[in-house]
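Based on the provided sequences and hints, a complete structural model is requested.
Line order of the protein sequences matches chains A and B. Here the first sequence is numbered in numbering that gives the first Met the number 0, starting from 0 and rising by one per residue. Here the second sequence is numbered in numbering that gives the first Met the number 0, starting from 0 and rising by one per residue.
For the record, the hints were derived by calculation from the structure and aren't laboratory data. Note that CB positions come from ideal geometry on N, CA and C, so glycine has one too. You can take every hint at face value.
Partial list, derived from the structure: chain B residues whose beta carbon lies under 8 Å from chain A:
1. T219
2. L229
3. S236
So the derived label-pair ranges between C-beta atoms look like this:
4. A:R22 / B:V171: 38 to 48 Å
5. A:R194 / B:T219: 40 to 50 Å
6. A:I249 / B:V330: 52 to 62 Å
7. A:N45 / B:T156: 19 to 29 Å
8. B:L336 / A:Q248: 48 to 58 Å
9. B:L336 / A:I249: 48 to 58 Å
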Amino acid sequence: MMASAAALRTRDLAVGYRTRRTRRAVLEHVNLAVDSGELVCLLGANGIGKSTLLRTIARMQPPLRGSVELGGADLRAVSHAELARRLGVVLTERVAVDALTVRQIVGLGRYPHSGWFGGLAARDRAAVDWAIEAVGVRHLAARDFSRLSDGERQRVMIARALAQEPVVLVLDEPTAFLDVPSRVELMGLLRQLTRDRPIAVVVSTHDLELALRTADTIWLLMPGGDIVTGAPEDVVLCGAIGQAFEGRQIRFHQEERSFRLLTGKSGVTAVHGAGLRASLAVAVLEREGFEVATAGAARPALAVHALDAGWRLCTDEGECRGTDFASLAACLRRRRTGS
Amino acid sequence: MSRRDATILLGLALLTSVVFLLSLALGSTPLPWRRVAAALLGRTRDGDFASAVVSIIRLPRSMTAMLAGASLGIAGLQMQTLFRNPLADPFALGISSGASLGVALVVLGSGSGPAAAFGTAMGMRGDALITMAAIVGAALVLGLVLIVSSRIANPTTVLILGLMCGYAVSAVVTVLVGASQPERLLQWAQWGFGSFSGVTWQRLRLFGPLTVFGVLIASTTTKQLNALLLGENYARSMGLAVGRARLLTMLGASVLGAVVTAFCGPISFLGIAVPHLCRGLLGTSDHRVLVPAVVLMGSAAALTAQIVSLLPGEAGVLPLNAVTSLMGAPVVVAVLLRGRRGALAG
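Laid out in structure tokens, this is it:
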């Protein structure tokens, strides 16, 4: 892709906070670009500067140095209304507004397009209808916004941003307050938006596993200020995710693309069997702090057999069996405290 | 605007007209409708008592009430939306206290104080001097608050700043009251009651254009106010120059509050109550509907308060401030309890 095609680009950007005397840079030398139709997930540990970066990109705070370009134009040279026509924003904050319908809220997105009193022309109403349709809330259009669930509200806020008809959509942790299905749906919605039309989406999230499954590109903020960018799989492969998030208690598992809790070393076990029951038995063992031996290793002292109707645990001292995983966990715990 | 909203606005307009006519007919001496109508249409004989009462006393008084009610209502609506606080009113930035200080300096220290001396030198006496003092006092406090608040990002901090400023200025007024002579205190208390009767035709020539202009300016902020419903961050992201909008809205609302206070005294309740009544009535936060509703409702409420304050007839006049609050508080409570719809969230 040619450099000029980027919907959004930062050049040697430094973001942070400036008070009367001090200047605290959170991130420096940031050179990033997003193309139309690209979904970017911004990842990083708490407090590392995700929001600061997004706020600077959306011109909600000034850069310390460098520039942000929107379709090739420097953000500093763009008027408030012009910026709003090109860039839409969705924030974490819960919007507390009573007695406005969904359609009215989405209509507010026409702010940078509409006239002095905010009256909507036919073209504005068409854009509102399109935005409501695009996020799949048409059945809620006449409802009072304050009576919606958190997930529905965020969809409406996205529709409102889409009604601005932006080329770039920036979302700062839009899934923070949502339950798991709503999170998955919301990320799916963002992905669909980039597929259907030439819009660039940048979304920050804590939901790493979901981001790795959904994004076209990952921007990973590393401790120390580096930014690793690339396709999710490339970022997984280079091991940067582990460096960014791993602590004493957790490890990133590259094959599963998820984190695991380290619970100590209680021993090594072998697992026999196949299918869902076997993998769930592994999950129980890992939670209880047992390492699962790979096939072909030296015969460990413990062996768990996943059966059609339960499990069997074989040890040096004998054997016990049960039907549910709670009893397997209890049995393992007894063994660990006993030894 | 939906058909339902239009119907409600039409109803409010009718209500305001009816109350306006009632306010001309009722008073310390009730007049028959025929005489009122004759006076209004200019078909009067010379020396007719009824037409003199209507055209010289009641008409300017009722018009003042309408203008004051509309001004306070719209200014209150602006402040409540701007600060996202259901308790905000036109005086949230301490301008009422500022006006009180100006008036206190003139009334309580008249004859000796430098403010009074200045006023006398300017050739002003009585009501004109009090109005001038109130405007100067309000402007000083407002200027101070606006200058400081332009450096503050958080609207709640601005609101607290205004409240604190108001407290400090009120304390100075209290000191002045404590040190003044009893006969001066009576005049001071009179001002504090609030009244629409002090505005004559001559003074209405200034009060009328000021308030009409202020209300018109405020009506043009509907779009900004709607954007601010989502909070300042979202408003900014949708293209609103938040800093400038906030400053202009505070300035406009405060000037409206200050003008009304200067001419009619500190009328406390309407600015808070009228926006709540309109939200409850219309069930919406859309300012394109709320602004005209608040103008009509504010006029009707002020006229009603004016009528009630004259109910004792020969026995005298009830303090306007007491009437607005006594009448309005139960109504607002009822509206809020009836359902959360329409109340400002938060």
